[in-house]
Amino acid sequence: MNRAVITPQKPRVSQYGVDPKYITKRVSEYPEMTSIVLKDLFPDTPEVIYPGEKGVPAVREAAEKALEKVDMSMIKPGDSVNVCASHHGFTLLGGEPYAELLRAVRDVIVRKTGTENVRLRAGVGLRFRETEEYMKSFKLDEYYKGKVKGVAPVDEGIPIETEIGTLYGIKAVYDADWIVHVHNSDVREVHFHRQVDRAVKPFGMSYARIETRSTYHQNLGPRAANFVARSIFASEFVQKKFAFAAFLDMSPSGVVGVDADNDLYALNDRVTVGGCKNYGKIMTLLGEIDECIAALDFPCPVPYVFAAGVIYANFTGANMDLFDLDVPLPPYTWYTEAFYGKNGPLVKDVPPVNPAIKMAVHNYAWGGYPSAFFSEHIPTVVVGREQAEVMNRDPQNIEYMSCSVVADSLDAAMKFAYHTAKTDKVIIFDGAAGGINVSESLAKLLKEKAPQVNKLVDEELLPKWLRQRGVDPAIIQKS
Amino acid sequence: MKLITMVARIDEEKCTGCQTCVKVCPTLAIKMNGRKAKVDVEKCRGCGNCNQRCPSYAVTMEKLDKPYKVFVRIDDLPYEKIEGLCKKAKLNPEQIICYCTATRAEEAAAAILKGAVSPEEVSLLTGIRTGCKVECIQPVLRLLEANGVKPKRPEGGFQWYGRTPTAWEIPEEVKEKYNHRGFYFNEDIKLLDAVREAGKEGK
Ligand code: SF4
Ligand code: SF4
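Chains as they are written, first to last, in the working numbering: chain A, 1 to 479; chain B, 1001 to 1203.
Here chain A stands alone, though its shape is the one from the complex (with noise of 0.2 Å):
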């Protein structure tokens, strides 16, 4: 017997996507829907500590656990501490997680150095606000006493010499005796940092101004981009106030647990091993999919909505292998964006956009990312009016709705994308945690293949990718 489906994550209120009133059919409703388990295609996935039976206490205990081996002996009574988070933590498992392990690690810092004096710090993406509407809904703003702070890219700025030159970074970040680095070991956006240096990447973004983050998309390349974080968290003036890092570790089906440490280039080297493996498979199963509908359905932007702990973007190169570093230029990135001439790639190393996706759904998917690259190369069909007019209004996606259809209802969406795809095959991007919302059809086609791309990952792909990060695969059987 199938699967009954996995509870999507719910809408969320927010000034970057619709009313939640308007969200009143999910994909996953629909009779032909399935799930699959991630451990039953991957028996080697690892046991999570949410979601499970204990609930958000299992991330508070792996949390104080793992912070009492930090050493914080540098933070005296009185000092000043900036804990460093970024928005796309509190897009895990609906938040909650994330949200706990900023507040253990407040507490423990609180606790172990006698400092009263912790502030946090918010990161944000391309939408300025998100990170406040988040510390308001996980109440972090009472926790942390008020000493709270969204910052985006375009406030005041400071200068950061570093061993490439000077790069810049969000003034308020750095105006702490010490900082402390709390983020989570999803792969995220692996078409753009490929899984180089995945620990250090907010130093080079969420932590960063406007300067630096278009230094990393738009100066140096699809591979090298990372090493501004890199250089960054390198120099100087951040290894004088950075404490420590505390990460919430993640799997493609969930929290695994929570790592910390002093040496953050060390933590660095285990999120690569757990990133290349355990994401690894499930994008290498991605990639083997032939024709699909993919249904948009999470509160977040078009590239981030999530299935299978991967997120569309991904899934929108998955025809290649992302992962592998000899692949100069990924189906998807900004750089890939910026190489379209106006009739066709400049180059010939341009690879096409997953020829696998024939439509897409957007039932649920908010602005605030540049998303028309994604309408111009794959059909689209936008559910509601109310959502055509969240794109329209948006500064990053006026030309969304140029090349997008209107539905106006999920029903007429899926009946269109079921005509015109010509595929029974739908994968939903809804946030599942655990496993995947599939259709039967699906279900079938990834059962087969997972053993083949399980072996193949294990024994040829795993090896290769650590090899081109300089990360010696012996750790694996360490860890």
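These are calculated hints, taken from the structure and not from any lab test.
Just so we're clear, the structure is a prediction, and the values are computed from it rather than from any experiment.
Cβ coordinates follow ideal geometry from the N, Cα and C atoms, glycine included.
Treat the hints with care, as some may be off.
[What the hints assert, rightly or not] Which chain B residues stay away from chain A? Per the calculated CB distances, all over 10 Å, these: (1) E1012; (2) T1016; (3) V1039; (4) Y1068; (5) K1081; (6) E1083; (7) P1154.
[What the hints assert, rightly or not] Here are the simulated distance ranges between beta carbons: (8) A:V13 with B:E1042: 57 to 67 Å; (9) B:E1062 with A:D411: 25 to 35 Å; (10) A:E288 with B:M1032: 41 to 51 Å; (11) B:E1197 with A:E53: 54 to 64 Å; (12) B:K1043 with A:P57: 48 to 58 Å; (13) A:D175 with B:K1043: 28 to 38 Å; (14) A:V110 with B:M1001: 49 to 59 Å; (15) B:H1180 with A:F237: 22 to 32 Å.
Go by the hints and put chain B with the ligands onto chain A.
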């Protein structure tokens, strides 16, 4: 090119005169009128920076009755000049340098060749930097520099701080030190060079 569909409106009751909006507006469309901020609607490109950063939530974005396009023509300049400037900035004239508005390097180059001497003027004329507001400052600064212009940073503003390094400027010893960690510097330079040198037909 950008289609302008929105305009910023300031609620004077809520405005405390903090000047944050003045400091972040990419087209310098906001000035202080006494202790209240005032938007020059002709210069507003509807980016929402002021709306997204005002600490008092005093700015709303309103839909324009008549949306209009801003763009700089490229066909009234010799294309070799545009191409020359782009290539000097190590860009292909056809490459997109602003993802929100799909503005190509050639249009920003044309704005500069026609006299724009600051990122603010380039934004006003082309709409670049008025989408996500974050990602396209570097190519604009590179193009201005390639034209021999040293733009002046708006006094006290946070609009931009400075040009930052490019792939071609990474010191050799840095490349050697980090190559083995997955940073494919030279391979990426090869790709960026190929894009810059590519002709119109992608050859
Ligand atoms: S940011 Fe807001 S409060 Fe400050 S001057 Fe502008 S409109 Fe007024
Ligand atoms: S251009 Fe942007 S920041 Fe300036 S007034 Fe208009 S919406 Fe506000």
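**Request:** Please write out, lowest number first, the hints stated earlier that are contradicted by the structure.
**Result:** 8, 10
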